[in-house]
Amino acid sequence: MPYDLAGNQRVWEGRIDMGCFEFGAPPVANDDPTAPGTPALSLTAYPNPFSVFTNIKVSTLNSGSDRPESVNNASVTIYNIKGQRVKTIILDPGKTGEQLTFWDGRDAENSRCSSGIYLVNLIVNGRKLSSKKLTLIR
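The sequence shown runs 1 to 138 under the working numbering.
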């Protein structure tokens with residue numbers, strides 16, 4: 001006879017039911033209207049693939065509302081497929097809503113990067129919060 005982790009038999013109407021484990025924890029909700037939401041960040045890049053430049057857009061909204069949140073200590077960092085940092089673009093501190101920047105396919109020394117796959121990471125307070133893949137075609 002099959003048993004779950006709590007020692008209960010997992011037979012229901014003559015069939016073995018091992019699809020999931022129910023742990024019986026009570027549901028948790030926060031009905032406090034003053035509780036702060038967490039910033040919901042989105043990172044988009046277009047066009048992708050690109051040959052001359054790509055627009056990089058960072059949007060910040062407070063989760064559960066339409067109110068934009070400001071983001072401090074944020075940057076967009078671009079890495080090549082080997083994991084080597086190519087360029088870091090610092091975002092405007094304290095700016096709310098959407099921030100638009102671009103990458104022209106050049107590294108920190110202003111040299112043209114070769115065709116290939118690059119990763120763009122949104123870094124806020126030293127933590128990677130979002131990542132996108134870019135394709136540069138020369």
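I should point out that these hints are in silico values taken from the structure, not numbers from a laboratory. Be aware that a few hints might be false.
Here are the simulated DSBU-like pairs of lysine-lysine, each with C-alpha atoms no more than 35 Å apart in a straight line [to be verified]: (1) Lys87 <-> Lys128; (2) Lys132 <-> Lys87; (3) Lys132 <-> Lys82; (4) Lys87 <-> Lys57; (5) Lys95 <-> Lys82; (6) Lys82 <-> Lys133; (7) Lys132 <-> Lys95; (8) Lys57 <-> Lys128; (9) Lys128 <-> Lys95.
>> Flag every earlier hint the structure violates by its number, smallest first.
In response: none
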